[in-house]
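Q: For the sequence shown, position 51 (counting from the first letter as 1) is numbered 51 according to our numbering, and the numbering increases by one without interruption.
In short, the hints are calculated from the structure, not lab data.
Each hint should be verified, as a subset may be incorrect.
[Claimed, not checked] Result set (PhoX-like, lysine-lysine): computed pairs, CA atoms no more than 25 Å apart in a straight line:
#1 Lys12 with Lys44
#2 Lys94 with Lys49
#3 Lys44 with Lys94
#4 Lys49 with Lys11
#5 Lys94 with Lys12
#6 Lys84 with Lys49
#7 Lys84 with Lys12
#8 Lys84 with Lys94
#9 Lys84 with Lys44
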Amino acid sequence: MMINTTTLLAKKSLHTETALDTSVLPAYFAATPGWTQDGPRIVKTFNFKNYYETLAFINAIAYVIHAEDHHPELVVTYNRCTIKFDTHTVNDGKGGISENDFICAAKVDAIFQQSFS
Numbered sequence: 001m002m003i004n005t006t007t008l009l010a011k012k013s014l015h016t017e018t019a020l021d022t023s024v025l026p027a028y029f030a031a032t033p034g035w036t037q038d039g040p041r042i043v044k045t046f047n048f049k050n051y052y053e054t055l056a057f058i059n060a061i062a063y064v065i066h067a068e069d070h071h072p073e074l075v076v077t078y079n080r081c082t083i084k085f086d087t088h089t090v091n092d093g094k095g096g097i098s099e100n101d102f103i104c105a106a107k108v109d110a111i112f113q114q115s116f117s
């Protein structure tokens, strides 16, 4: 299966208990530029001109996050938002990285590119 941004954007997050195999992670990271692995999660920091833009971005992604039912950890500062996605239900409840993380990463990137870049 070919993984690219378009295929990720067309998908919907679904409940899963299966983490991605580490052998396929490079293909997923290639489809979501700028996201990196930090242990059992994927992470990206978005930079803004000011606090208003940072909050506007958070509000813009809130609907998508809710619709996907996949909620990241957000670290918010004056002109920056770091997003950390992981899937709590994989690896027997220990957490890890699933396709849902990359689906949401692609959708968050699309919002950023459309409105904030």
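Q: All hints, please: hold or fail.
A: Each hint tested on the structure:
1. Only pairs whose Cα atoms come within 25 Å are accepted, and Lys12 paired with Lys44 is accepted, the gap being roughly 20 Å.
2. About 37 Å separates the Cα atoms of Lys94 and Lys49, which puts this hinted pair outside 25 Å; it is violated.
3. A C-alpha spacing of about 22 Å is found between Lys44 and Lys94, which places the hinted pair at or below 25 Å, so the restraint holds.
4. Between Lys49 and Lys11 the alpha-carbon distance is near 31 Å, which puts this suggested pair outside the 25 Å criterion.
5. Taking the CA atoms of Lys94 and Lys12, the gap is near 23 Å; set against the 25 Å cutoff, the hint holds.
6. Taking the CA atoms of Lys84 and Lys49, the gap is about 21 Å. The hint holds against a cut of 25 Å.
7. A C-alpha spacing of about 18 Å is found between Lys84 and Lys12, which places the hinted pair at or below 25 Å, so the restraint holds.
8. Proximity of Lys84 to Lys94 is assessed by CA-CA distance (about 16 Å); at most 25 Å being required, the pair is judged to hold.
9. Between the alpha carbons of Lys84 and Lys44 the distance comes to roughly 7 Å, so the proposed pair stays at or under 25 Å and holds.
When each numbered hint is compared with the structure, violations occur for hints 2, 4.
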